[in-house]
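Trainee: Take a look at the letters that make up each chain.
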Amino acid sequence: MKTLEKHRYDVVVIGAGGAGLRAAVEAREAGLRVAIVCKSLFGKAHTVMAEGGAAASMGNVNDKDNWQVHFRDTMRGGKFLNNYRMAELHAKESPDRIWELEVWGALFDRTKEGKISQRNFGGHEYPRLAHVGDRTGLELIRTMQQRIVALQQIDAKENGDAESHIKVFAELTITEILKEGNKIAGAYGYWRENGNEVLFEAPAVIIATGGVGKTFKITSNSWEGTGDGHALALKSGANLIDMEFLQFHPTGMVWPPSVRGILVTESVRGEGGILTNSLGERFMFKYIPSVFKEMYADNEEEADRWYLDQDNNRRPPELLPRDEVARAINSEVKAGRGTQHGGVFLDVSKRLPAEVIKKRLPSMWHQFFELAGVDITKEAMEVGPTCHYVMGGVEVEPDTAAAVGVPGLFAAGEVAGGMHGSNRLGGNSLSDLLVFGRRAGMGAAAYVKNNSGSSVSDSAIAAAAARIEAPFTKTGGENAYSLHAELQEVTHNLVGIIRTGKEVEEAIEKIATIRARSANVAVVGDRKFNPGFHLAFDLDNMLLVAESTAKSALLREESRGGHTRDDFPGMNSKWRQVNHVSNFDGNKVNVKAQPLVTLSKELFELFDVHELEKYMTQEEIVKGGSN
Amino acid sequence: MSRKLKLRIWRGDATDGGLKNVEVEVNEGEVVLDVIHRVQATQMGDLAVRWNCKAGKCGSCSMEINGKPRLACMTQVASFPEDEEITITPLRAFPVIKDLVTDVSFNYKKAMEIPSYEHPAELKPGEARMAQVDVERSQEFRKCIECFLCQDVCHVVRDHEENKKSFAGPRFFIRIAELDMHPLDRLKNRKQKAQEEHGLGMCNITKCCTEVCPEHIRITDNAIIPMKERVVDVKYDPVRWLGAKIRKREGIV
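From first to last, the protein sequence lines stand for chains A and S. Each residue of the first sequence is one higher than the last, beginning at 1013 in the numbering used here. Each residue of the second sequence is one higher than the last, beginning at 190 in the numbering used here.
No lab work stands behind these hints, which were simulated from the structure alone. Predicted model, so just to flag it, every value in this text is computed and none were measured. Cβ coordinates follow ideal geometry from the N, Cα and C atoms, glycine included. There is no bait here: all hints are sound.
Derived BS3-like pairs: lysine-lysine, alpha-carbon spacing no greater than 30 Å straight-line: (1) S:LYS377 <-> A:LYS1169; (2) A:LYS1600 <-> A:LYS1247; (3) A:LYS1179 <-> A:LYS1540; (4) S:LYS257 <-> A:LYS1540; (5) A:LYS1104 <-> S:LYS313; (6) A:LYS1540 <-> S:LYS298; (7) S:LYS377 <-> A:LYS1127.
Short derived list, chain A residues pointing at chain S, Cβ under 10 Å: (8) GLU1063; (9) TRP1111; (10) VAL1115; (11) ARG1154; (12) THR1155; (13) GLN1158; (14) VAL1161; (15) ALA1168; (16) SER1234; (17) PRO1269; (18) LEU1275; (19) PRO1374; (20) GLY1385; (21) HIS1496; (22) PRO1543.
What the simulated footprint calls covered on chain S by chain A, stretch by stretch (three residues with Cβ under 8 Å from a Cβ of chain A suffice, anywhere in the stretch; the number is not a length): (23) 219-227; (24) 235-242; (25) 287-300; (26) 323-331.
Build the full structure now, drawing on both the sequences and the hints.
Mentor: Structure (structure tokens):
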């Protein structure tokens, strides 16, 4: 028997997207020894796909912007289900997080005065998104990747070993988070290249694994978005909250079929792109919900004037929060006013000169030209909703990103829940991962000071190893690829963008059946870079996530943000008072309601009472927030 | 419209391997990565291939398609004649791990050798002011998705393993150029270092790297040639040489 590869670190960061890298930088700067573990090569994480920008109220383009306005927009976008403290920290700290990237070498687009330029985006009152054309995510990840290299160069100079304090373990899958007693003791996994197993012993683990999009059939997410961190957290005793809330981005590509779901950035609309149906109607004017009536233009003339004069006109309804636009497109297509391929038209070609489009939306031009044969400077794009982001995630302490109930476990970025409530605003994801990535790094550093961790027991190691070997011991069993496809059909058809209680119940049953069959997944070939083997673990994670989503969706009998119930179409203030919390009993996911943390008095007073009345019960209004 | 497509896929590892014939269904609008995934799901469950975003943004699915380094997610099957077989092989310049997956760690080692960005100490966060026109030059190079196709195609290393030690490759020449053209970077001598330590001089500007770049970065024209010219300027301009000596300047600004 080969000896097991073992490592000891102060903290293991699972995931090398924006949140993971920002956490790693912070933990390293606090003096910790950090392992960064990721399923892909370093620098390939899904953050590279983020296009529009990072929201931060720097006020560079409109000096009326400040953290309070950003906070209000975020709460409105989330339909007031957000963890207010997270939304507050996020709004206050994101400008510093953007400026800090510049110190590390990031090159954002500039204003005329040479400051960081900011663009308009759905749900944001002022131009707020720091951006680099439409490849902002790439800039973020590259900047932090290079920051890590810079720190490693310092370590190489100071103690002769570049990897003395930060080491990247690329193409390594974590299959288990290990505890001794009730505390974190490490993590277990295998190298994708050869299947060899690896043990990390560490008192702290930061989960930064991103989203769950691959649970769904049509998604903008890459193969990595399989809910690993969500499932790892559940299995280690942490809670997930708000798992019924999935964001369907309104504009994914719909044609050709092989690119269905790939994202079309919201910046297309921010730069003036309009949505029309097959009759040529600019239909979004019909879909402005009453809570947003005062902020959005109800006629084309005013909407168009807004691009030139934002102080005296209301915003075009194409820039409503994503959930509203996605539902509107869905309704148009269902009513028979969709395009040939089941989408609607998004057109920027008649709004901006060709050279401006190519300059402001370079990768969109590229993507449509090369993948769909469409020149967006001359013709309209066909778009439709695509599963983009999960608002739900690990229940955390806002200030430290510590997972509730599991000492030593932290979570940041998309995998953490609470920040975005029932719907995330575009641009708030990149800023979220910077703000809470840093806080997770700080939280872990503070924790490690007083907790040195313990060794992992031999029995825990043996159990983790047996689980990795399991798919090879099955013969003639199920095919992981087929089960994955079946799961995606179920989620797409029964817990997708529009839900009913009956269908969700059916989904819960079907997911359970697939889960039972997945225990018999057999793998062909050996452990060497074997995608079928890798998928067996991803599948297990996706099944747990889907179960959690379906069960939470069944409980919530209202429609809010990323959760739309056809049988309960309205928003109900009573449902705003609870989060749904999932935990795992070793066998199945259990979901229960838990009272939402009450908005503090200070933050309550940032809103007009008449606005709050749309979301809160009369009792809550009278109470006026908590002290 | 679905039809059958004949593929030859290289399968094997560092010790042994060869081309395997496969026939697979292909539909309208599909890219090479789609058919590789179909092969994986229906015929070869353990076929190794790297991929992530499937939208040309992450640079993971680099391979050689009919001998040309390309991203499989951005290569339309329809761009090849219908009756022709498509041959898919791993990147040639890097050691094979398995099937279409290669060991690209060479690139991460080279990244470590490039001195990092140095921000002016007196500028506090938020105080930086740069003109759009000045950041654009570096922004072109920061579009790089690190697919390493330029590294793979570059004949300085493609068939000359021995050159790898002293040659950073096109990806890292644009990294150096990017830092060199960064309006605020404080580190001097980046160009000379490119020449002396990173093998800039070994490039003989055949522009193969520019040709394969999926981001259409003008690697040779906008990064390599300007750096080569400036290095030559400084080296052979006696007035500047003397000035540098007298004023003890570190190098060209």
